[in-house]
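Student: All chains, please: the whole structure from these sequences, using the hints.
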Amino acid sequence: MNPSPDRTHNNDRFVLVLGGANMDISGSTTERLVLSDSNPGRIRCAPGGVARNVAENLARLGNTTRLLTAVGDDLYGRSLLDATHKAGVDMRGSWVLAGEATSAYLSLHGPDGDMAIAVNDMDILERITPARLAPCAPWVQQATALVVDCNVSAQALEWLFATRGTSPVFIDAVSAFKCQRIRPWLAHVHLLKVNRLEAQALCQFDIHDDADIQRAAQCLHALGVEQVVLSLGERGVYWSAGDAGQGWHGALACGVVVNVTGAGDALMAGLVHAFMHQQGLRAAIPFALGCAALTLACEHANHPGLSATAVAQCMHNAIPL
Numbered sequence: 491m492n493p494s495p496d497r498t499h500n501n502d503r504f505v506l507v508l509g510g511a512n513m514d515i516s517g518s519t520t521e522r523l524v525l526s527d528s529n530p531g532r533i534r535c536a537p538g539g540v541a542r543n544v545a546e547n548l549a550r551l552g553n554t555t556r557l558l559t560a561v562g563d564d565l566y567g568r569s570l571l572d573a574t575h576k577a578g579v580d581m582r583g584s585w586v587l588a589g590e591a592t593s594a595y596l597s598l599h600g601p602d603g604d605m606a607i608a609v610n611d612m613d614i615l616e617r618i619t620p621a622r623l624a625p626c627a628p629w630v631q632q633a634t635a636l637v638v639d640c641n642v643s644a645q646a647l648e649w650l651f652a653t654r655g656t657s658p659v660f661i662d663a664v665s666a667f668k669c670q671r672i673r674p675w676l677a678h679v680h681l682l683k684v685n686r687l688e689a690q691a692l693c694q695f696d697i698h699d700d701a702d703i704q705r706a707a708q709c710l711h712a713l714g715v716e717q718v719v720l721s722l723g724e725r726g727v728y729w730s731a732g733d734a735g736q737g738w739h740g741a742l743a744c745g746v747v748v749n750v751t752g753a754g755d756a757l758m759a760g761l762v763h764a765f766m767h768q769q770g771l772r773a774a775i776p777f778a779l780g781c782a783a784l785t786l787a788c789e790h791a792n793h794p795g796l797s798a799t800a801v802a803q804c805m806h807n808a809i810p811l
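Here my numbering runs 490 ahead of the position in the sequence shown, where the first position is 1.
If you're looking for bench data, these hints aren't it; they were derived computationally from the structure. Predicted, not measured: the structure shown is a model, and the values here were computed from it. One should not assume that every hint holds.
[Said to hold, decoys possible] Across the chosen pairs, the derived CB separations fall in these ranges: (1) G600 / C535: 16 to 26 Å; (2) F667 / R772: 26 to 36 Å; (3) G737 / L565: 44 to 54 Å; (4) L525 / Q670: 26 to 36 Å; (5) S526 / E648: 40 to 50 Å; (6) R772 / D527: 47 to 57 Å; (7) T656 / T519: 42 to 52 Å; (8) I533 / G714: 42 to 52 Å.
Here a beta-carbon is modelled for each residue, glycine too, at the ideal position from N, C-alpha and C.
Tutor: And the structure:
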């Protein structure tokens, strides 16, 4: 696979997504999880990974979307490529690596759908090196928007920011540990999506209350980030576009919460989709929260019925949490 991407005409708008593609293996129980014991429940396998989820959501929302990721030449890898391609994502730039295991993400969930613990095996993403990325430079430079998750290595991030030209970069921090990889390039980030723990890690102070949340956004702006979206779970988000405004927006409910995995990825996809349609951050936030709300009501990390029309209907009918 991974032929050299062909050059794209300048008037073709597309999103290029770089990062992880995992096989999500999730277990859920109908009763409270009991540690050190066998818990009756259900086990499911489904395509996942932050970058892959964002790419699928963007494609379902009607955006031309290309994904750069790496999978093993194994059952999980072939399944991920097939499912993501069928969702409408261009996979020509991705790599199939013999002798490597496809990333897997194992999570356990209680009866409320919240994740209790997870284990990830994502060593294959270290094989996304600058040398492998080099043939993709035309795509990076011509993309209307670049979306990157911090699962990729510091070396890959360095290559991306050195190569991108003027393409705006949207970053998903992924985790408090991995978000440190983006620190050297924060001044070149168009939009950064973080949760409370990730914001703490980057700002290097504890976040206890609303004043701290606002202070964290200002800290990230001071480090060079243009736009900040701080995800607060059931509370929704705090967003800040610097001098262009900031504010709070509560989460939306479009049904019973079934699985929280993937909601943050849907939120990011909604933000990028709105950018692709020339919407400012203030207008993008309700749409992005609508994407997240739909995904929360789905048992998988991606809602198969996600579309701009479905999100609009969700926003119309949603109950604020």
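Student: Each hint: holds or not?
Tutor: Here is how each hint holds up against the structure:
1. Evaluation of the 16 to 26 Å hint for G600 and C535 yields a pass: the beta carbon distance comes to about 19 Å.
2. As the Cβ distance of F667 to R772 is approximately 31 Å, the hint placing it in 26 to 36 Å holds.
3. Distance hint for G737 and L565: a CB-CB separation of about 46 Å, consistent with the stated range 44 to 54 Å.
4. Checked against the hint of 26 to 36 Å, the C-beta distance between L525 and Q670 comes to roughly 30 Å, which is consistent with it.
5. The hinted range of 40 to 50 Å is satisfied by S526 and E648, whose Cβ atoms lie roughly 43 Å apart.
6. At roughly 48 Å, the beta-carbon separation of R772 and D527 lies within the given 47 to 57 Å, and the hint holds.
7. Separated by about 49 Å at the C-beta atoms, T656 and T519 satisfy the suggested range of 42 to 52 Å.
8. For I533 and G714, the Cβ-Cβ distance of about 43 Å falls inside the hinted range of 42 to 52 Å, so the restraint holds.
Checked against the numbered hints above, the structure breaks none of them.
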